[in-house]
Amino acid sequence: MKITFLLLLSFTLSAATLHIDYIGKFSLFGKVAKASIIYTNNGKKYSIKVVGHGTGTVGYLTQHKKYIYQSIGLVKNNNLIPLKYIAQEIKEDYNKTKIYLFDYDHNRTLITKYLKKKAGMSYNIFSASEHKSNFIHKKSTKILKRVYNNDMVSVLFNRNNHLLNLKVGKSKLIYAVGSKDTQKGIIVKLISIVDGKYKYSVTLKKDYLQGGSAKVTFILDSNNILDEARLNGILFFGNATIKRLML
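When we follow UniProt numbering, the leftmost residue of the sequence shown carries the number 1, and every step to the right adds one.
Treat the hints as calculated values from the structure; they're not laboratory data. Among these hints, one or two may not hold up.
Unchecked claim - Straight-line alpha carbon distances no greater than 25 Å define the calculated BS3-like cross-link-like pairs of lysine-lysine that follow:
hint, residue 1, residue 2
1, Lys65, Lys145
2, Lys243, Lys197
3, Lys243, Lys49
4, Lys98, Lys84
5, Lys84, Lys197
6, Lys66, Lys44
7, Lys113, Lys199
8, Lys142, Lys172
9, Lys142, Lys96
Because the structure is a prediction, the values reported are computed rather than measured.
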């Protein structure tokens, strides 16, 4: 679901500060999530931040967990060059953060993972109250012997992917750091162009090679801003849709 969430929230601009809001729905439950994208680009540096969280019952069941993804880097010839990618899952008494640093000089990616979670609860019989216990802190590092041109946020924001230049029926293979699946490749195919709206499908390379079909589709407008996206056939939930809120 996290991979799909990021793939659905995608747009490309060359130099701007933009805040776009989206709403997520499951066909069986209605509105279940909200997301926002904050994109800044001064022609030399860029930052893209995606923030999402559940609402209503889903928010309650997930203890109001917030997902934050951020891509930070340089801009060269209107192309985004990622330097750092940050992925976070945050809720009360819990924080999981992964930081990816792009080392182009040595063709490698440095990954640091931080985890903070509550160890347990204690009860004070004199004050008749619960006390939060100490937190567990963990840190680990790892090195990927490869550097990628995209991360999971910048992957569809980047002009060098040339998505609007695809012809109907044609596909493009794109790699992005951030998950094992996207690091192995995703195939983006242009399905149709209707009234200035470009509709694409997304298939993981491993599924494509096995003859699997795409379950994710998304629509970009002529400015390459995400208009709508859809994920079909989620067990117990039906179809998931993300739509841009028009102010």
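Hint check:
1. Lys65 <-> Lys145: 32 Å, violated
2. Lys243 <-> Lys197: 14 Å, holds
3. Lys243 <-> Lys49: 18 Å, holds
4. Lys98 <-> Lys84: Given pair lysine 98, lysine 84 holds - Cα atoms ~10 Å apart, limit 25 Å.
5. Lys84 <-> Lys197: Distance ~31 Å between lysine 84 and lysine 197 Cα, so the pair is violated.
6. Lys66 <-> Lys44: Status violated; Cα separation ~30 Å.
7. Lys113 <-> Lys199: Violated. Lysine 113 to lysine 199 sits at ~36 Å, over the 25 Å cutoff.
8. Lys142 <-> Lys172: Violated, at roughly 29 Å.
9. Lys142 <-> Lys96: With Cα atoms ~16 Å apart, lysine 142 and lysine 96 stay inside 25 Å; holds.
Of the numbered hints listed earlier, those contradicted by the structure are 1, 5, 6, 7, 8.
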